[in-house]
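**Q** I would like the entire structure built from these sequences, with the hints used as guidance.
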Amino acid sequence: MDHGVVDLSRLQFALTALYHFQFVPLTLGMTFLLAAMETVYVITGKQIYKDMTQFWGKLFGINFAIGVATGLTMEFEFGTNWSMYSHFMGDVFGAPLAIEGMMAFFLESTFVGLMFFGWNRLSRGGHLAVTYLVALGSNLSALWILVANGFMQDPVGATFNPDTMRMEFTNFAALVFSEDAQAKFVHTSIAGFVTGAMFVMGISAYYMLRKQHREFAARSFRMAALFGVISSLAVVTLGDALGRLDYLVQPTKLAAMEGIWHTTTPPSAPWTAFAIPDDVAQKNYAEINIPYVLGPLVAHSFTTAVPGIIDLEQKAKVDTVNGIKAVMALHQYSEDKDPAALATFRQYEQTMGYGFLAQRYAPDQDLSKLTADNLPAVLDRTARETIPNVFVEFWGFRLMVACGFAFVVVFALGAYYSLRNKLETQRWLLRASMWAIPLPIIACEYGWIVAENGRQPWTVYGWLPTYMSASSHTVGYMIFSLIGFVLLYSAFIAAELYLMFKFARLGPTEHAAPKPVEGAGPATFSRPGYAEKSWQ
Amino acid sequence: MTRLLQLIGLAAVLALSLLFAVVAGDYAPWYFAWIVGTVMIVLIATCGAVLFETQETSRADGRDAGF
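Chains as they are written, first to last, in UniProt numbering: chain A, 1 to 536; chain B, 1 to 67.
Derived by calculation from the structure, the hints in this document are not laboratory data.
Note that the Cβ used here is the ideal one computed from N, Cα and C, for glycine as well.
Do not rely on the hints blindly, as some may be mistaken.
[As the list claims (entries may be wrong)] Examples of chain A residues toward chain B, derived with CB under 7 Å: (1) T39; (2) V40; (3) V186; (4) F227; (5) A234.
[Unchecked claim] With a cut-off of at most 20 Å between alpha-carbon atoms, the simulated EDC-like pairs for lysine to aspartate or glutamate come out as follows: (6) A:K422 x B:E56; (7) A:K422 x B:D61; (8) A:K211 x B:E56.
**A** As structure tokens, then:
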């Protein structure tokens, strides 16, 4: 396998995933926010909430269309660029991916059409149900992708079949209810809520700063701020749950996230707030530590030690020795179906991935050529390989967390001043809300970088190394398709930004003042077009 | 009679929800948290808007519209 092709395949998938995920969180969050706005419209009958749903729905629609277009290619990439992965994991990975496709195209897309074009064709209650189904469909669609990703992080519900050389399903429920899939879905979905809330709050703040559409903006800001303040608190809580899960099932990821080189000594183990990790020297520079925080934060315990990278490397060496035995037994079994070889394989099966990993560094990538002389060097290189890039993991995690806490503050202040009806006097807060619009998307990107960089060097943690998962393309082909993707997706981003800025600046449609109704009381709103509907 | 039937219906929904919570709490605690949390987030945003209208009405009537 050409390692240049593997790196280019990784780069291509990372870029397409990161491009795609600029659109996804907004879709996940905006749908439920639209549903909340329409709920108020149905409850109160006030036209302004219908206008809000339609205006923010238009911006959601732009984002949704481009998000779908960028997501389609990724499903094909599994087959084109990751054929070994697709062969090895297809039995497990294919089912949630297929269900995701069904959710996205049959549930979500069908109801999106009804949501946009059904205003005059459906009853108020019927349209509201459709909007909720769009919200549910988009989030359930994300659920299945995250179930598939959960398997890559914590492979449960499947076993390796040495006769077919594939992972095969044993328990679908274990896959769906895997703790990783659950926590990741909720964390990702709620991060989308934060993104949607910040988007609506930021654009509303822009109108308020310019003193445009003030009644529309004040209501939108209020709803988004309250939606966001609870969501941002939830996303921080779920982040903690995911961190603890990483401690339990992906200790190398957790150690890299926290920059822990040596196993900690409870209870005084410090949490490193700032450091410059050096992957080569395996130490941190310029550390700022807070004692007694790491144990409760990561393990939810003052008495539990958190394993460090150097100790995890030593454990990986033991796993690699066993993994080499498993892979060699597997080779023998595939050639002569020897029951003794199968028994040896079953004994060391759980470490098979480490044997595959060691194969990369064996002479001619042949484990049978390992000798007492060259084995220690292979073990050293394999053990080093099991640790993800610590600098990227450490800082990706911190930037994401910093953004998360900043969102809590911005939403809490926004909600507070909105509830006090003093929002327009706090221009600094309106400016901060406006400039914070892209931050949740950036935080989501950091989240994915932490999740997927931390999974390295595996595509399926502990079972299948990334270097074995790619297709056997040429470097030229990969560069050509990579350039194509970058150009196409950059065009999508440019189109999205152009349309978003255009329609956000245009703002909601102004309504002509209705003729006053004789004998009617004073309108609730100063803008006549936003008065209560006549059927009320 | 209608009120009684509504009460029985709501009680049945409550009992089913509790049963669902017990089962989901064992097998899918985070999925359950998402369902409850999402409903709560939507309700709080909705209540915020309804409160806004109340505040606007109070302001129009010349009463204190602060929270």
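**Q** Does each hint fit the structure? Answer for all of them.
**A** Hint by hint, here is what the structure shows:
1. The restraint placing T39 of chain A at the interface with chain B holds, with a minimum CB-CB distance near 5 Å, inside the 7 Å limit.
2. This hint holds: V40 of chain A has a C-beta 4 Å from the nearest C-beta of chain B, less than the 7 Å allowed.
3. Among the interface hints, the one on V186 of chain A holds; its C-beta lies about 4 Å from the nearest C-beta in chain B, closer than the 7 Å criterion.
4. At about 4 Å, the closest approach between the beta carbon of F227 of chain A and any beta carbon in chain B falls short of 7 Å, and the interface hint on this residue holds.
5. Interface restraint check: A234 of chain A against chain B, minimum CB-CB distance 6 Å, threshold 7 Å, status holds.
6. Distance restraint check for K422 of chain A and E56 of chain B: the Cα-Cα separation of roughly 13 Å lies within the 20 Å cut-off, and the hinted pair is therefore satisfied.
7. Between K422 of chain A and D61 of chain B the CA atoms are separated by roughly 18 Å; this keeps the pair inside 20 Å, and the hint holds.
8. Between the alpha carbons of K211 of chain A and E56 of chain B the distance comes to roughly 18 Å, so the proposed pair stays at or under 20 Å and holds.
When the structure is compared with the earlier hints, no violation turns up for any of them.
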